[in-house]
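S.K.: Listed here are the chains, written in short residue letters.
Protein chains: 2
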Amino acid sequence: MAQQARAIQTRRSILVAAAAVFDERGYSSATISEILARAGVTKGALYFHFNSKEELALGVMDLQLDTVPLPPQLTKLQELVDQGMLLAHQLRNEPLVRASVGLAMDQAVEGLDRGTPFRAWIDRLEHLLSAAKNQGELLPHVQPGETAELLAGAFSGVQVMSQVLCNREDLGRRISVLLHYILPSISTPAVLATLDMAEDRGERLYASLESVPGQAAATG
Amino acid sequence: MAQQARAIQTRRSILVAAAAVFDERGYSSATISEILARAGVTKGALYFHFNSKEELALGVMDLQLDTVPLPPQLTKLQELVDQGMLLAHQLRNEPLVRASVGLAMDQAVEGLDRGTPFRAWIDRLEHLLSAAKNQGELLPHVQPGETAELLAGAFSGVQVMSQVLCNREDLGRRISVLLHYILPSISTPAVLATLDMAEDRGERLYASLESVPGQAAATG
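Protein chains in written order, with my numbering: chain A, 41 to 260; chain B, 41 to 260.
Check each hint, because a few of them may be wrong.
Per the computed footprint, the stretches of chain B lying under chain A, defined by three or more beta-carbons under 8 Å from a beta-carbon of chain A, are [claimed, not checked]:
1) 120-130
2) 151-161
3) 164-174
4) 215-223
5) 242-250
FRET-style restraints, in silico, Cβ to Cβ [as the list claims (entries may be wrong)]:
6) A/Asp153 with B/Ala45: 32 to 38 Å
7) B/Ala247 with A/Ile72: 32 to 38 Å
8) A/His167 with B/Pro229: 54 to 60 Å
9) B/Ala171 with A/His181: 26 to 32 Å
10) B/Leu179 with A/Gln44: 47 to 53 Å
11) A/Gln183 with B/Thr82: 52 to 58 Å
12) B/Asp102 with A/Asp236: 56 to 62 Å
13) B/Ala171 with A/Ile72: 41 to 47 Å
14) A/Asp153 with B/Gln43: 20 to 26 Å
15) B/Ser170 with A/Pro109: 40 to 46 Å
16) A/Thr156 with B/Asp236: 55 to 61 Å
Since the hints were made in silico from the structure, they are not lab data. If you're wondering where the values come from, they're calculated on a predicted model, not measured in any experiment. Virtual Cβ for every residue (Gly too), placed ideally from N, Cα, C.
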């Protein structure tokens, strides 16, 4: 393996290990030595890529933003629903995604800009909502920016509550409920009637992505 | 002052100090000695009431649930809106409320049941929604339990996002937006048209409570 490819793989395996430790212990209790042991790399290798626990946390938060490209759908609002349902599925199944979202929600992560992942999600949702607006899918009063912020905020709280109450076992159902309550305030009735917001939508999407070579889930 | 009244006052001042320290530092970084210094009580007094940092956190979470009684309104859905708008206002102005919600959202709070405050809020909202249903204010398909859970979860995420992005400066507006998107999926059109969900609703309510003797805000 070329040296650069090996470095990229090492960096990634360190971040995966850091994500697992952050996910299990929370940011403040996680230690670099625990991450080292989990990653199975030398101290030198870790410090070559990351100078501190803060940098590891930033790396984990960044990595979550490189998400899987979703298959295009007939409506942009279905793609918006798919983003939410897929993220719900990934939160249940991928420690990297769980850790990244956990860090953004963790008040103990001082000195890091926890706004970055929120803003990245808001941008992505706003982009989809603007495209939906251009295609005439939205009710006339809907402002893409405001709606994107609402969806990002509401999603993040519903997933914390599901984590606290039942370790995210019911997250697919809860995000489906959220979308069922909010989409009627966004979508034209004709588009609304076509949307698949079933609680197993994320699982089905994920399975279809994994079966297409080159589109397999990049994270986890 | 009678001995019992003094003990209650001491207990409360310790919890107010603990809340301020949890709010500023997060749970994991907060220390008992910092809480002692802030409360201005002796170590003996603190340990008479609380054995550990965990017990202080539980006390803070419990105290938030003793909320201000809200004035009755013409519709139960207005009372539901008022609960949300008042809590948004209190989160901006009362360290005790802020700390309590922060503890429920903090993954580092291990070994404590963070589900308690969520369940208490869900119960309160479900109670209001059931009363609204009995008065014919809800659309026929609405299930009070499911809706109460959605509102509690979405609210908690919107407030974290507002905290992360702008230290909760825009929280009144964001909760108003949340209600504007969700209430049309819950309320009959006739009741919906009567609801005051303006972003300054919480502030106005709070001011009216403070001006009525005996109904002044109990927390803070």
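S.K.: State the violated hints by number, sorted upward, taking the hints as numbered earlier in the document.
M.R.: 1, 3, 5, 6, 7, 8, 10, 12, 13, 14 and 16
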